[in-house]
Amino acid sequence: MSISFDDVTVGTELPAAEYTLNRLTLVKYAGASGDFNTIHWNERFAREVGLPNVIAHGMLTMAEAVRIVTDWVGDPGAVVDYGVRFTRPVVVADDDEGAMLAVSAKVTELLDDRCVKIAITCKFQDQTVLGRAQAIVRLV
Amino acid sequence: MALNPEFIGRTYPAGPSYLVGREKIREFARAVGDSNPAYLDPEAARALGYVDVIAPPTFAIVLSLDAANAALFDPELGLDYSRVVHGEQSFAYTRPICAGDELIVTTVIENIRSMAGNDMITTKGIITTVDGEPVATATSMLVARGEDE
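As they're listed, the protein sequences go chains G and P.
So for the first sequence, numbering that gives the first Met the number 0 puts the first residue at 0; every next one is plus one.
So for the second sequence, numbering that gives the first Met the number 0 puts the first residue at 0; every next one is plus one.
Calculated from the structure, these hints are not laboratory results.
Calculated cross-link-like contacts (lysine-lysine; reagent style DSSO-like; alpha-carbon spacing at most 30 Å):
no., chain 1, residue 1, chain 2, residue 2
1, P, Lys23, G, Lys27
2, G, Lys105, P, Lys123
3, G, Lys105, G, Lys116
4, G, Lys122, P, Lys23
5, P, Lys123, G, Lys116
6, P, Lys123, P, Lys23
7, P, Lys123, G, Lys27
8, G, Lys122, G, Lys105
9, P, Lys123, G, Lys122
10, G, Lys122, G, Lys27
So these bits of chain G aren't anywhere near chain P, every CB distance computed over 10 Å:
no., residue
11, Phe4
12, Asn41
13, Glu108
14, Asp125
Derived Cβ-Cβ restraints for the label pairs, each shown as a range:
no., chain 1, residue 1, chain 2, residue 2, range
15, P, Thr128, G, Leu110, 23 to 29 Å
16, G, Asn36, P, Asn110, 20 to 26 Å
17, G, Val9, P, Arg21, 36 to 42 Å
18, P, Leu39, G, Lys122, 27 to 33 Å
19, G, Gly49, P, Arg21, 38 to 44 Å
20, G, Thr86, P, Asn110, 18 to 24 Å
Every residue gets a Cβ at the ideal spot worked out from N, C-alpha and C, and that includes glycine.
Just chain P, with the same shape it has in the complex (with noise of 0.2 Å):
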């Protein structure tokens, strides 16, 4: 089922802020085996210029990707979820995510086209503190596959 193009553009605002917690950065930090202090360590974070440790470059992914559900999920763009798979994503960083950080997320649908029976579609998180400070964007592309028949 092809995707409705007429989202292409359409702006999904932030919702609830999420709070940056220490510990989960670290348990994300944990979770993919890196032991690299600026994550572990206020200290060390701290000697590297940051008011406390900072996240990993994918961290962004846990904000941006829920808030891309709210566009993902809504029924007149006529996306099948079960049939989608992660093409592309990218983030760009005005500066690293930080322990502390109250952040919130805007999603745009920055793109959606067909090739080969399959739909893609590009989200664009953009991510900032609740003041409004850049902190960076996140961009995704989903492949829903097409049917098999």
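Only chain G is shown next, with the shape it has when bound in the complex (with noise of 0.2 Å):
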């Protein structure tokens, strides 16, 4: 199944979807990517820093944020540009509930070379966490 440019819009919405992140989530993503920075697995420096509490890598964010755009269009590899801005912390509490982003998106322009400019909205809290968050997808 792909998402043909035909068939899209601007406008076009893609189905909306929520990713809970926990600690657990925070550790897994630092081993795999490298980034070990204190203020995303402990609770006693992040405090000391200024934080609330942990908080997730924004590149864990963004990682997330984009699944919306991978799992709508199925070839991730479709996927040719991607940006973001870190415009508020996902603070992740020690508890079983985690962090939870309601991530939308839609279709805002229509390109040439059959690509499309998606604009994804991630929101935390009711609260947007990434600002001009674009990617530009080309379809078959």
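Put the two chains together into one complex, using the hints given.
Here it is, written out as structure tokens:
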């Protein structure tokens, strides 16, 4: 199954998704990415530097947010461009609930070469955590 | 402490190559909870036209930030890494990164500016195969927060 350029218009919405981060997710991402920055796993240190608690890697949030696009398009290699600004930290408390990211996205522009621009909204506790999150995807 | 603006445009040549492993891609995909078959199953990736599993769109950060450290830890730049947060990140792909790729990263300091007491530095990691085939560029903007006092 793949999305055709001919089936997409400006305003086409992608199926919304929710992704939950918890302390285990952060530890796994630290290991897989090699980013062992202490603020992502040590609550004592995070509070010492003025954070409310451990925060998720911005790159982990960025990785989760683009899944709405890759799940929609099927072939993740269709993503030719992806960029975000990190505007607000995702705080991950040491509890059973974790931090839930609510992600939505829609097509904002049809481009040359069967590419479309997609604007992604990623919210944590009803506040946007990524700014200007955009992906360009080449459709079939 | 303001960063040295003379570093704008400075290029750091690629270090040792990075061999992209199938299991590393799988580990990364599992860490972000993504079970897309193109990341996990070589047969599924081949059906999409790739030679082996491909990496998720943000995987290039594993190579690019490591390469950028050559620039960011240059003592003459004056960056206090303990005050750094990630401000912006983008990736532009010529093609997806694929298991088996042997990649190198050339880092360029694109911009340095100061705003409201914070220093912002933008680095671009140009990722190619060891044979010079373009693969991706990863652009990172880091913010060094100003002193509180």
